[in-house]
Amino acid sequence: MLRNYIKIALRNLSRHKVYSFINIGGLAVGMAVAILIGLWIWDELSFNKSFKNYDKIAAVWQNQTFNGFKGTQRAVPYVLGDEIKAKYGSDFKYVTMCSWEGEHALSYKDKKLLPRGNFFEPQVTEMLSLTMLKGSRDGLKDPSSILLSASLAKSFFGNEDPMNKVINFQNRFDLKVTGVYQDLPYNSEFTNLKFIIPWKKFIDDQHWEEKETNPWRNNSFICYAQIADNADMEQVSKKIKNVKLNKVTKEDAAFKPEIFLHPMRNWHLYSNFENGVNNGGRITFVWLFGIIGLFVLLLACINFMNLSTARSEKRAKEVGIRKAVGSLRSQLISQFFSESLLVTLFSFVLALVIVQLSLPLFNGIADKKMQILWANPLFWILCITFSLFTGIVSGSYPALYLSSFQPVKVLKGKLRAGRLASIPRKVLVVIQFTVSIVLIIGTAIVFRQIQHAQNRPVGYSREGLIYVPIFSETICSHYNALRDDLLKTGMVTEMAQSSNPSTDLWAVNNGYEWKGMQPGEQGNFGTVAVSHDFGKTIGWQLKEGRDFSRVYPSDTTAMIINEAAASFMHLKNPVGEIVKCDGQPFKVIGVVKDLVMTSPYEPVFRTVFMLNYNWASVFNIKINPDKSTKEALAAIEVVFKKYDPGSPFQFRFIDQEYASKFNDEQRIGKLASIFAVLAIFISCLGLFGLASFMAEQRTKEIGVRKVLGATVFNLWGLLSKDFVLLMVISLVFSTPFAYYFMSQWLQKFQYRMEISWWIFALAGIVAVGIALLTVSYQAIKAALANPVKSLRTE
Amino acid sequence: MIRLKDISKWYSNGSAKAHILRHIDIEINEGEFVSIMGPSGSGKSTLLHLMGMIDDPSEGEYFFEGESVFTLKEKQRSELYKKHIGFVFQAYHLIDELTVYENIETPLLYHKISSAERKAMVADILDRFQIVGKKDLFPEQLSGGQQQLVGIARAVITKPKLILADEPTGNLNSKQGEEIMDLFTRLNKEEGVTIIQVTHSEKNASYGSRTINLLDGKIAL
Ligand SMILES: Nc1ncnc2c1ncn2[C@@H]1O[C@H](COP(=O)(O)OP(=O)(O)OP(=O)(O)O)[C@@H](O)[C@H]1O
Ligand SMILES: [Mg+2]
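So the sequence lines, in the order shown, correspond to chains F and A.
The numbering used here puts the first residue of the first sequence at 1, with every later residue one more than the last.
The numbering used here puts the first residue of the second sequence at 1, with every later residue one more than the last.
The hints are simulated quantities; they were obtained by calculation from the structure and are not laboratory data.
Note that CB positions come from ideal geometry on N, CA and C, so glycine has one too.
Possibly wrong hints are sitting among the right ones.
Selected chain F positions facing chain A (Cβ under 7 Å, derived; list incomplete) [claimed, not checked]:
| no. | residue |
| --- | --- |
| 1 | Met1 |
| 2 | Arg11 |
| 3 | Ser14 |
| 4 | Ala324 |
| 5 | Leu328 |
| 6 | Pro407 |
What follows is a list of derived Cβ distance ranges for each label pair [as the list claims (entries may be wrong)]:
| no. | chain 1 | residue 1 | chain 2 | residue 2 | range |
| --- | --- | --- | --- | --- | --- |
| 7 | A | Lys203 | F | Leu784 | 46 to 54 Å |
| 8 | A | Ser201 | F | Leu784 | 40 to 48 Å |
| 9 | F | Leu708 | A | Ala16 | 28 to 36 Å |
EDC-like cross-link-like pairs, simulated, lysine to aspartate or glutamate; straight-line CA separation at most 16 Å [what the hints assert, rightly or not]:
| no. | chain 1 | residue 1 | chain 2 | residue 2 |
| --- | --- | --- | --- | --- |
| 10 | F | Lys7 | A | Asp136 |
| 11 | F | Lys70 | F | Asp252 |
| 12 | F | Lys317 | A | Asp96 |
| 13 | F | Lys314 | A | Asp55 |
| 14 | F | Lys7 | A | Asp96 |
| 15 | F | Lys7 | A | Glu97 |
| 16 | F | Lys165 | F | Asp142 |
| 17 | F | Lys317 | A | Asp136 |
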């Protein structure tokens, strides 16, 4: 019996190829999208979960209040770790301070590499449950040791044994390899941590203990902790709230520092804080894509059900005959269910193939390394449940409804009961297109917003601008000679050093005072140390006053502020005003137009620029626009090698760095647009199938009308009219939804576009256009058919 | 075997009722060969559908071998039908997606007959109806008469006790028509199969032992 059912099902599928293609293909695409999104969500949710102590690890962060706003930051004083250990030792298993993970120049003999790494206290190996391939987790206890990841060890030593080899750190000190650990998994916070050096080495080398008269003032370090096995994250977090407040001076207490634990489980998806309260983060995208995935799946299911039920009306006759030759109702039910399950099974297999083939592309866009979870039972349970569900729902119309009638009723075709029967189908089409149009509008707005921010004036010139990170202090002492040599090559029009590249702001300092400062106001400003030529190099635009100049030796106590700083201080005529920094007076000599250094979506932060040759992190270089970039870089490298032979030459293009600020949004936009296109595609497939079905149903009517003198255009209008109406209804429904959701989304950007009406109009035109194209093909085909032929088919 | 008591059927057309059958009382015994005649539209097919349990009346009672058919559950009625009745449609009603062979085989599937037996039975009947050459064709590739033959073959293959045939020879030439009538007579005489046929031809009606005349939904005497 089952074989017979399957035979009929296959024959039906192959007899109606277009229909089968639409039905199986459409559902498969929908399932594939859902699976891809599911994998993406799975990947997001499993971030960091590979750490054994996932539930117990936290980063120690702090809230501070500036001018009434509670700001959240990960940077804390370097003495915090020891203080926590001393006061709350029993609540923690491990506490470790560290610096900021970054690229550092390591060398072994002639081999120079620039891996990322960090300085940690020895217990980090236990906290992160490092898998030691060589040496032991105690490796960091020797202050002159270094642990390498397996990949870095391989790059340095190939197949040689790395143990006890001596590696030089930035021409500053030597370190002995005391262990090799397995690289940390890609979807974890520490995936790029390729080496670990003892924290003690860092503190000693930088002379932090001597430099800092009050170590509680400098919030430049990071602290991780693992709470005790029996401790509760929230309680411990509350307990340590005042650990810093109790130590700071009275002035600093005004910032109300609150220390808290930011649990590892929240790092990836809940990383945003507003006014000291966690308000989500990437989890929004997880929800967004989850919803999109469900919708695409819903669209595909609607298609499948719409087409299956439309088709099954043609099979009413078969149902009648089968009953008349002795079929029981239950046998018909199982026939139709096995048929629709067979089709969903095909779709599912096809979906797996599509996913497998498109994963590399999808991984590229999403910047992930996802794989089908072949071995995960949850994956199979979800997929199979869904397939069963779709199969059963779409098979239920013929299985349960058609089979319930007396054979003569279905045989006489009385079930094609006029207009009402098609209403549920039309409602489903409207749902499909409403969702599709919302997606079109949403994607259009995402891209417009990105473009809007990209077109924002940044206040300096990114063209031909590069920066070179400084790895060794020796080169700074040769600043003037280096600059002269670079200019002499003719490849460089200007160069300068600064404490951060122009695409970032690394320091925000407290302790500024100015004339007219109100009590209760707090002076925290972005602070950038620059050399004389910084402004000329990046091409900033002076609004008032003048740039730094070697002509005025007093400029060492001068500052240039940006517009945001001037307006924050309510200075009418800022030039000439005195602003104190930690009690020391500086004279404002100029105001520059706001430079977009941090997020292109946020207002520019109040920032001051001061001359300081002793605080430099990067060289900024403007390449001569008349020379080729390649030649210029080669010439620049030669000069750098001359002054800093020990470090590898590393540079970044500012325009690329700036563009990377849009990566996240662009990635989201790209993914969303792919899903929107697929949603439209699936909806159109459905529409195409439905249109062909309706045209087929009306073959006789069309034939008769043609014989009576209707033109092709008349007939096209007759068949398309209904569908256009459906599109218009969908547009009406989708507009308020899209408007609401997208205004909500735009709220998170301070610098945002206005949603203009034409986006909706355009989306409407696109949707109606695509629908018309889809339907017209069928309508015209039916209208052009030979009437004698079409009349005979009845 | 069959007893119809005061059967009526009508279609409501708005408030008006269109009567198709009015107060029909019929009794047919096992082993009879009955012909139903009447002008077009008089309700012959409708009556036959009712007797074949594939349509419901608006009013009245129906006893099949003493069982009240219309009070039976759907499932029991289907079983009863399957066991005893073979139906030949006026409009043939073959399944378009199946070949001649498969169309004839379908009722055997529902009778749970083993595959080997099915093969033998279908081969036998194809032979008897001289359509062996057509067995792999689909209904749309057959002429009206050929489709009618397949329809009859499908009805008799399960060896039912009662054959209901709605103008079984309407599209056949006179020689084929005679062959079918001979087949029915043989089934009736030799195997005791009860046969009820609708026909327009006096000649075919004469094969039967009794004729019921329908006129405007009533039995004309
Ligand atoms: N669904 C329906 N709604 C209304 N009237 C119907 C319906 N089906 C059949 N009829 C009417 O019932 C009457 C009897 O139909 P039936 O098919 O039984 O006639 P018949 O005697 O078999 O005719 P013929 O000899 O042409 O086959 C006809 O007048 C027909 O118009
Ligand atoms: Mg009839």
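Subject >> Hints violated by the structure (numbers, ascending) >> reply: Those not satisfied are hints 3, 13, 17.
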